[in-house]
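Let the sequences and hints guide you as you build the complete structure.
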Amino acid sequence: MLFNSVGFIVFFPIVTFLYFTMPHRYRWFLLLAASCYFYMSFVPIYILILFFTIIVDYAAGRLIENAQGKKRKFFLILSIVANVGVLFFFKYFNFFNHNIAHLTGVLGWNYPIKNLAILLPIGLSFHTFQSMSYTIEVFRGRQKSERNIGIFALYVMFYPQLVAGPIERPQNLLHQFYEKHEFNLQRVGSGLQRMLWGFFKKAVIADRLSSFVNQVFNNVYDYKGISLIIATVFFAFQIYCDFSGYSDIALGAAEIMGFKLMQNFDRPYISRSISEFWKRWHISLSSWFRDYVYIPLGGNRVVWWRISLNIMIVFLLSGLWHGANWTYIFWGVLNGIYLVISIWTTSIRKNISAVIGLDKLPKIQKIWQMSATFSLTCFAWIFFRANTLVDAKYIVKNIFTGWSNFLHNINNLTFLKEYILMRQNPTEFVIAILGILFLLSAEWWQTKTTALTTGIAARPWLKTVAYAIILFLIFFLGEFKNQQFIYFQF
Amino acid sequence: MLKKIYLALCILVVALAIFVLIGGKIKSFGRIFLATTDKKGVSYGDLYTIGEIDAFRFPITGVSSNEKDTIDSAKVIAMGDSFLGIKFGSKVLPNELEDDIKLPVYGVPVTIEDPLKYLESIHYQKGAKKIIIVESVEREVVSRALSYGTPAATASADWSLKKEIDDIDYAIFDMTDVDYFFKHNIFINPVRLFLKNLNFSLLGRMDSRIGAYSLQPPMLFYFEEVNFDKNLHNTELAPKVADNIKKLANTLQQKYNLEMIYVVIPNKYTIYNDLDKQGSYNGFMPRLQTELAKRQINYVDLYSDYMANRNGSQLLYYPNDSHFTPWGKKILADELTKKIKKITGTSKNSSPE
Numbered sequence: 002m003l004f005n006s007v008g009f010i011v012f013f014p015i016v017t018f019l020y021f022t023m024p025h026r027y028r029w030f031l032l033l034a035a036s037c038y039f040y041m042s043f044v045p046i047y048i049l050i051l052f053f054t055i056i057v058d059y060a061a062g063r064l065i066e067n068a069q070g071k072k073r074k075f076f077l078i079l080s081i082v083a084n085v086g087v088l089f090f091f092k093y094f095n096f097f098n099h100n101i102a103h104l105t106g107v108l109g110w111n112y113p114i115k116n117l118a119i120l121l122p123i124g125l126s127f128h129t130f131q132s133m134s135y136t137i138e139v140f141r142g143r144q145k146s147e148r149n150i151g152i153f154a155l156y157v158m159f160y161p162q163l164v165a166g167p168i169e170r171p172q173n174l175l176h177q178f179y180e181k182h183e184f185n186l187q188r189v190g191s192g193l194q195r196m197l198w199g200f201f202k203k204a205v206i207a208d209r210l211s212s213f214v215n216q217v218f219n220n221v222y223d224y225k226g227i228s229l230i231i232a233t234v235f236f237a238f239q240i241y242c243d244f245s246g247y248s249d250i251a252l253g254a255a256e257i258m259g260f261k262l263m264q265n266f267d268r269p270y271i272s273r274s275i276s277e278f279w280k281r282w283h284i285s286l287s288s289w290f291r292d293y294v295y296i297p298l299g300g301n302r303v304v305w306w307r308i309s310l311n312i313m314i315v316f317l318l319s320g321l322w323h324g325a326n327w328t329y330i331f332w333g334v335l336n337g338i339y340l341v342i343s344i345w346t347t348s349i350r351k352n353i354s355a356v357i358g359l360d361k362l363p364k365i366q367k368i369w370q371m372s373a374t375f376s377l378t379c380f381a382w383i384f385f386r387a388n389t390l391v392d393a394k395y396i397v398k399n400i401f402t403g404w405s406n407f408l409h410n411i412n413n414l415t416f417l418k419e420y421i422l423m424r425q426n427p428t429e430f431v432i433a434i435l436g437i438l439f440l441l442s443a444e445w446w447q448t449k450t451t452a453l454t455t456g457i458a459a460r461p462w463l464k465t466v467a468y469a470i471i472l473f474l475i476f477f478l479g480e481f482k483n484q485q486f487i488y489f490q491f
Numbered sequence: 058m059l060k061k062i063y064l065a066l067c068i069l070v071v072a073l074a075i076f077v078l079i080g081g082k083i084k085s086f087g088r089i090f091l092a093t094t095d096k097k098g099v100s101y102g103d104l105y106t107i108g109e110i111d112a113f114r115f116p117i118t119g120v121s122s123n124e125k126d127t128i129d130s131a132k133v134i135a136m137g138d139s140f141l142g143i144k145f146g147s148k149v150l151p152n153e154l155e156d157d158i159k160l161p162v163y164g165v166p167v168t169i170e171d172p173l174k175y176l177e178s179i180h181y182q183k184g185a186k187k188i189i190i191v192e193s194v195e196r197e198v199v200s201r202a203l204s205y206g207t208p209a210a211t212a213s214a215d216w217s218l219k220k221e222i223d224d225i226d227y228a229i230f231d232m233t234d235v236d237y238f239f240k241h242n243i244f245i246n247p248v249r250l251f252l253k254n255l256n257f258s259l260l261g262r263m264d265s266r267i268g269a270y271s272l273q274p275p276m277l278f279y280f281e282e283v284n285f286d287k288n289l290h291n292t293e294l295a296p297k298v299a300d301n302i303k304k305l306a307n308t309l310q311q312k313y314n315l316e317m318i319y320v321v322i323p324n325k326y327t328i329y330n331d332l333d334k335q336g337s338y339n340g341f342m343p344r345l346q347t348e349l350a351k352r353q354i355n356y357v358d359l360y361s362d363y364m365a366n367r368n369g370s371q372l373l374y375y376p377n378d379s380h381f382t383p384w385g386k387k388i389l390a391d392e393l394t395k396k397i398k399k400i401t402g403t404s405k406n407s408s409p410e
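Chains X and L are the protein sequences, given in the same order.
Letter 197 of the first sequence, counting from 1, is numbered 198 in this note's numbering, and no numbers are missing.
Letter 191 of the second sequence, counting from 1, is numbered 248 in this note's numbering, and no numbers are missing.
I should point out that these hints are in silico values taken from the structure, not numbers from a laboratory.
Note that beta-carbon positions come from the ideal geometry of N, C-alpha and C, so glycine has one too.
The reader is advised that the hints may include incorrect statements.
FRET-style restraints, in silico, Cβ to Cβ [as the list claims (entries may be wrong)]: (1) Lys464/X to Ile75/L: 27 to 37 Å; (2) Asn410/X to Thr106/L: 31 to 41 Å; (3) Pro274/L to Lys464/X: 41 to 51 Å; (4) Lys174/L to Val391/X: 26 to 36 Å; (5) Thr207/L to Val391/X: 19 to 29 Å; (6) Thr233/L to Arg291/X: 37 to 47 Å.
Put into structure tokens, the structure is as follows:
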């Protein structure tokens, strides 16, 4: 069930209504049943995979807590192997098998294993990572094991964040299922506002941009220069609005019922460095890798080359987490390289800034750093979105070509429609640009305290009017083609 | 005061959700609240139904047709897509053809992608010689022709338990009816139509499945037709398509004793693309027809006929539908009549009995 579907518009109010009218002791069961329904509305049979994960990690949690010494580690490893095994089988088996078959073919060896005809369960990487964080936290003694398997199942399956996160930690979420949440109109209003903002990002911006992006990335060899740049920048905003829009809807839906989920995005495109970007983008995943991979590998308490190696390992895994495709792996590695180089060159860059006097112009320095970080991020997105590495290579080679042709045809309407508008309606292009500008201004505005913001805060009806306008804009300008969220596939 | 409004809105949203769920799942209840604006026997065209813009709402009256022939009793078999079954303003093409040639014509009532797979599925046996008309709309001809004779996908086992599970799955999880009821109930439908028309009048925006439109004269174009021509960069496609059509003709002849007449109905956009300001056509139809002629395939050159008649007093296609008008249909029927008469008249020994 997609958040941007009629099914969810019907499902969510009914579940919320039942949640608040039901006695507290039955609420967890209602949420669990609703979560099962939510997940089964995609592919019903795949609920069995979730049940497997839940049973394994519930048992592992109990066993780890009650065991002593090496046995604790044994149960933890067993649980990790089971989780990673499921993930490998459904997500990576065909990828590795295909590549091994290709390699053996090149070497002239006979390789008999065929690819499996399996579908990737929606959100598998999300709930597997969430479940794994529970056993690791129990092992580390930072979380008591959960006795009620129903509550634990709900922790893994809580429907607002089941298929695309945020990847929660047990310390933040588990206890909330025991707390009694009263109906609170102010909280409902705040949650609804957050959901509306998420729907706006998804329906008005992301799904509109997807038409431009898909046209170019699915036919890359027809385009050069400006078209490739527009499509890449549009994709940067598409994926941001798509994923952060989903997170906003998830956080808002949970908030209405009284649950507080962790923030997943914090205006990533205003980052002034790649390391800052990764503190603002998909925060729940970045912090997962930091806590469970980077720090156990030694983090930054080791020698310089080990730090670099640790960073590269984390980003390689992050790329692989996103998908079983070389494009994602390359994207991850590229981000790792960015980060390693940025660490190595910190003092050099500082010196250059001082020499050219940029450090004395903080505003210009800020704009330069933000632009550079955004450009590097966009460059990496090429590999993330391209259908193959060969396509990505073509884009990289041709992104700065074809300018003379563009300048020559700048007055030619047919050329502009084909290569700037990517065959879309000019109105759609204008709405897309205005949508991006609106997004950036709204995000900037949220952080500022101005006379306008304090004025609005003092007059709740003004805020209501603002959100009523957003609601109107969603229905008026939104694209309703039941497009799946990009991150569902991970 | 604001709190009371919020609370009332919350209650309203929950009530609406329950109403939509019941209306979508229990059809007898849902029908009571369904907004019906169409008159019985009158259609407003498939493209209007997609766009739902009042400026293109023109009634099209249907004509009833009867199929009295069977595939065995017919002398001419016609199969293809919805163009064969369209009964706006005049009888369906097979019936009209039957009146013209005075021979029993059987029109297969469903869309046939691949005639060979269809004939195999009904266990059609080779018998006396017959004529088979294979029709395809231009935008589908490439994919259809390239799939002729390829092995059919393995059908899933007809396992009764699986079917029962699928039925339960549909009843519990499928939201298609709920989605339809949400959009078309008497409360939401007027608002939805108002927003769509406001969008069109203020921004010129329409459903993305309408690829282009013109207001003077009114004409809607389906997006697949608008994009079809632009996506055909591969000039080798037409020879490939023609090769496969030739193979199809040979197989039909040898395996079933059926003599084929091939019909490609031009996209509406192919004929009227000048009504779109940025419209153009790179000439797939003439290219394909040249290749068909090279291979001596018996085909109807409807493209030339339509181009010759496009500026006449009557339209060849409905402004609000992707199908041809009775005039467009008649031109095709006349051409087919000529072709059939030529086959039956020139070679008496091999003519259909």
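Results for each hint:
no.	hint	verdict
1	Lys464/X to Ile75/L: 27 to 37 Å	28 Å, holds
2	Asn410/X to Thr106/L: 31 to 41 Å	38 Å, holds
3	Pro274/L to Lys464/X: 41 to 51 Å	48 Å, holds
4	Lys174/L to Val391/X: 26 to 36 Å	35 Å, holds
5	Thr207/L to Val391/X: 19 to 29 Å	27 Å, holds
6	Thr233/L to Arg291/X: 37 to 47 Å	43 Å, holds
Comparing the model with each earlier hint shows no violations; every hint is respected.
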